[in-house]
Each structure stands twice: as C-alpha cells, then as structure tokens.
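J.: So that you can map any letter, position 188 of the sequence shown is 188 in the UniProt record's numbering, and since no number is skipped, the others follow by simple counting.
Hints are computed from structural coordinates only; laboratory data are not their basis.
It cannot be assumed that every hint is accurate.
[To be verified] Below, in silico cross-link-like pairs of lysine-lysine (PhoX-like), each with a Cα-Cα straight-line distance of 20 Å or less:
| no. | residue 1 | residue 2 |
| --- | --- | --- |
| 1 | Lys48 | Lys60 |
| 2 | Lys93 | Lys67 |
| 3 | Lys93 | Lys60 |
| 4 | Lys69 | Lys93 |
[What the hints assert, rightly or not] Ranges between beta-carbon positions, derived for each pair:
| no. | residue 1 | residue 2 | range |
| --- | --- | --- | --- |
| 5 | Phe178 | Arg249 | 18 to 26 Å |
| 6 | Lys67 | Gln26 | 41 to 49 Å |
| 7 | Phe114 | Ile279 | 40 to 48 Å |
| 8 | Val112 | Trp138 | 17 to 25 Å |
| 9 | Leu111 | Asp160 | 51 to 59 Å |
| 10 | Asn157 | Val70 | 42 to 50 Å |
Ideal placement from N, C-alpha and C gives every residue a C-beta, glycine not left out.
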Amino acid sequence: MFLVLVLASWCCFLYSVICFFAFFRQREKYWQRLDQLIPHNECQNRRKEYIYFFIQLLDKLSNYGQKMKVLNNEMEWERDLLQSGYPYQLSVKRLHGARLLGGFTGCFIGLVYFLLGGPLDAFVVVFLPVLGLQTPIWFIRLSARQRQRQIYDELPNFFDLISMMLQAGISLENAFQFYMDTRNNPLSEELARVQQEIQLGMQREVAYRSLLKRVSIEEFQTFIQTLIHIYRLGTPLAGTLTKHAEELRRLRLERAKELAGKASPKISLVSALIMGPSIMFLMFSALVYSHFIAENVFRK
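Given the sequences, and given the hints that come with them, work out the whole structure.
T.: What follows is the structure in structure tokens.
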C-alpha cells in the first residue's frame with residue numbers, strides 16, 4: 001500500500017510538471033482567454049485583495065520572525081528593498097515574516113516528502129526549510145537587479161530626450177515632468193518620487209542624494225552628482241547630457257563586447273564536455289563495428 005502511495009505521488013508530480021510546461025508554452029493564449037472571461041478591473045481588485053491578505057499575514061508573522069537571528073542581515077535587506085522599489089509593499093519587518101512563512105512552507109513540504117519516502121529524503125528535509133528562509137531574500141535581490149537593469153537600459157534615451165528639450169529652451173523641471181508623463185518605467189517612477197519630495201518641502205540637493213541611494217548605476221550617479229554641481233554653480237546642462245548619452249552608449253558597446261568575449265570560452269567548454277564524448281563514443285562504436293562485428297570475430 002505504501003509503495004502504491006509513493007508511485008501515485010510521483011505520477012501526480014510528473015503530471016503537474018507536464019501541465020506546467022504545457023501552460024508555459026501557450027500562456028499567452030490562456031491569458032487572452034482569461035481576459036475575455038474575467039474583466040480586467042475585476043482581476044486588479046482580486047489581486048489587491050490577495051496582496052492585502054498576504055501583507056496582513058506577514059504583519060502577524062513579523063514579530064515572531066524578528067526573533068529568528070539565522071542568516072539575518074537587515075542592512076543589506078534595506079538596501080535591496082530600497083533599490084527594488086519596495087515590491088508588494090514589503091519592508092524589513094515584513095521580510096522577517098516572509099522568511100518565517102517560507103521556512104514553515106519548506107518544513108511542511110520536506111515532511112510530506114519524507115513521509116512519502118522519496119530519494120534523498122533526509123537531505124530534502126534539511127534543505128527545503130533553508131531554501132524557504134532564503135527565497136524572500138533572493139526575490140528582493142533579483143527584483144533590485146532587474147529594476148536597476150531597466151533603469152540602465154533607459155538612460156541613453158532619457159539623456160537624449162532631456163538634452164533636446166533643454167536645447168529647445170524648456171526648463172529641467174518641465175523636461176522631467178514631460179518624461180514622467182510620457183514614460184512608464186522605473187526611471188520615471190524614481191523621478192516622480194524626487195519631484196514629490198521637492199514639492200513636500202525637501203531641499204533639492206537632499207532629494208537628489210536620496211535618489212543616489214535608490215539607484216546604484218554608476219553612470220546615473222555621475223549624472224546626479226553633475227546635476228547637483230550645476231545647481232550650485234549655474235553651468236549649462238544640455239551639452240553635459242549629450243556627452244553623458246554618448247559616453248553611456250560607448251560603455252554599453254564595450255560591455256557587450258566584453259560579454260561576447262567571455263561567452264566564447266563557455267561555449268567551448270560546453271562543446272568539449274558534451275560534443276567531445278559523443279564524438280569519441282561514435283568513433284569507438286565505428287571502430288568496434290569495423291574490427292569485430294563486421295569481421296564476425298564473435299561468431300563461433
């Protein structure tokens with residue numbers, strides 16, 4: 001009976017994997033079908049309800065999660081949250097609750113796996129809780145990297161647009177406002193936050209320095225530092241932005257060449273590890289066939 005349960009669990013697992021890959025291949029078709037069946041506003045309302053329920057759960061678990069000092073580094077978490085834009089209204093306190101929830105989930109899945117008698121069950125029981133603890137941290141770090149990457153890709157277009165508007169006689173504040181009104185990306189969100197802080201009474205230099213903490217891209221930080229000095233000294237900005245855009249495109253081209261150069265040895269290594277043994281096996285098979293099988297060496 002126990003063997004039947006183990007086989008049934010593995011069959012369910014394989015079936016779920018097959019269903020996931022089938023959905024992943026035709027996900028656009030399924031999303032379009034869902035949009036037809038469920039209105040978009042209703043989907044947004046349901047998503048807000050789920051997020052609100054999830055946040056309430058994290059708030060309840062956060063007090064217990066703060067007592068757990070395993071793999072705890074709140075300074076790095078705060079930096080990653082700041083650079084990721086605080087996704088799903090997460091904070092350092094709620095991140096403690098998310099880690100605790102992930103640890104409990106890993107313990108539950110590991111216990112079920114152990115009771116089903118899967119292979120390496122002792123290792124899985126220990127590994128899954130640690131994986132659950134670290135999954136929220138990895139999610140925040142990945143979100144921060146993706147957000148910084150999106151800002152980096154948008155910088156050349158941003159510099160060109162602002163430079164052209166300044167050359168046309170438009171003020172920097174109006175140029176920023178036009179960019180925020182016509183773009184919907186992480187860079188426009190950061191600029192909108194700066195504008196909001198200035199309107200609430202924060203000094204411009206302080207608002208720009210807080211922006212430096214949220215965006216870790218070296219080229220953008222150089223631009224903001226230049227902007228601070230320009231406000232202090234009153235030097236023209238249009239030519240500086242044009243030079244920044246040209247320099248950024250040059251750096252992106254050099255980085256692409258560097259990545260292409262690093263990819264060549266990796267491709268060679270994969271070819272040597274996969275194609276090399278396959279070719280040797282084919283040559284050995286042909287050698288065995290030509291010298292033994294074709295000449296009937298094994299025939300009595």
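J.: Determine for every hint whether it applies to the structure shown.
T.: Results of checking the hints against the structure:
no., hint, verdict
1, Lys48 <-> Lys60, "18 Å, holds"
2, Lys93 <-> Lys67, "11 Å, holds"
3, Lys93 <-> Lys60, "10 Å, holds"
4, Lys69 <-> Lys93, "13 Å, holds"
5, Phe178 <-> Arg249: 18 to 26 Å, "22 Å, holds"
6, Lys67 <-> Gln26: 41 to 49 Å, "45 Å, holds"
7, Phe114 <-> Ile279: 40 to 48 Å, "43 Å, holds"
8, Val112 <-> Trp138: 17 to 25 Å, "23 Å, holds"
9, Leu111 <-> Asp160: 51 to 59 Å, "57 Å, holds"
10, Asn157 <-> Val70: 42 to 50 Å, "44 Å, holds"
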